[in-house]
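Enquirer: Given the sequences, and given the hints that come with them, work out the whole structure.
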Amino acid sequence: RYFSLIGPVIQGEGIGKELLGYPTANINVSPSQAIPAEGIYATWIKFNDQLLPSATSIGKKPTFHTDAPLTVETFILDFKRNLYGEHLELEFVERIRGQEKFSTIELLSAEIEKDIVETKRILGVL
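Mapping of the sequence shown onto this note's numbering: position 120 corresponds to residue 120, and the numbering continues sequentially without gaps.
Hints were generated in silico from the structure; no laboratory data involved.
If you're wondering where the values come from, they're calculated on a predicted model, not measured in any experiment.
Careful, some of the hints might be misleading.
[Stated by the list, open to error] Distance windows between CB atoms, simulated:
no., residue 1, residue 2, range
1, D67, A37, 14 to 22 Å
2, F79, S4, 24 to 32 Å
3, K80, P8, 13 to 21 Å
4, V117, S32, 32 to 40 Å
5, S4, Y84, 17 to 25 Å
6, S4, E118, 19 to 27 Å
7, G14, R97, 22 to 30 Å
8, E13, R81, 18 to 26 Å
9, N82, L126, 25 to 33 Å
10, V125, D67, 30 to 38 Å
11, S32, A110, 31 to 39 Å
12, P31, V117, 31 to 39 Å
13, T66, K46, 28 to 36 Å
Glycine included, every Cβ here is placed at the ideal spot set by N, Cα and C.
Expert: Here's what the structure looks like:
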């Protein structure tokens, strides 16, 4: 059994969708919940009795902010639905890398693409 977090999807800043082309579901995690270390993870989302492959970022968006609150954001592979208000369970399978500050949005976007390829490999999804 994997470590998991549960919470509702809340409105984020729109950076993933608008600037990077990777819309994310921002999970509102209770302050009392233990959270894994900052980084990028291969994860499964439990939603409506489905297991959906996803790549999750836990961090403070260092490329865009110098002093931001910790966020849990997940990009669900091949999924287009609006999930605002839905409760999701995130299962953490494997840590891919730590958080990094990138000098350009293009470099960050290229790294996200690598993270998605690695997520697919880890989860056995093609």
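Enquirer: All the hints need checking, so say for each whether the structure fits it.
Expert: Going down the list of hints, with the structure as the test:
Taking the beta carbon of each, D67 and A37 are about 19 Å apart, inside 14 to 22 Å as hinted. Between F79 and S4 the CB atoms are about 18 Å apart, so this pair departs from the stated range of 24 to 32 Å. Taking 13 to 21 Å as the suggested C-beta distance range, the pair K80 and P8 conforms, at roughly 19 Å. In this structure the hint that V117 and S32 lie 32 to 40 Å apart at CB holds, the actual value being about 35 Å.
Checking the proposed 17 to 25 Å range against S4 and Y84 shows it holds: the Cβ atoms sit about 21 Å from each other. At roughly 20 Å, the beta-carbon separation of S4 and E118 lies within the given 19 to 27 Å, and the hint holds. A beta carbon spacing of about 24 Å between G14 and R97 agrees with the range 22 to 30 Å that was offered as a hint. Between E13 and R81 the Cβ separation comes to about 20 Å, which falls inside the hinted range of 18 to 26 Å.
Taking 25 to 33 Å as the suggested C-beta distance range, the pair N82 and L126 conforms, at roughly 26 Å. Hint check: V125 to D67, Cβ distance near 36 Å, so the stated range 30 to 38 Å holds. The hint said 31 to 39 Å for the Cβ distance between S32 and A110, and at roughly 37 Å that hint holds. Take P31 and V117: their Cβ atoms lie about 34 Å apart, and the range 31 to 39 Å holds.
Taken as a hint, the range 28 to 36 Å holds for the pair T66 and K46, whose Cβ atoms sit roughly 34 Å apart.
Against the hints set out earlier in the document, a violation occurs for number 2 only.
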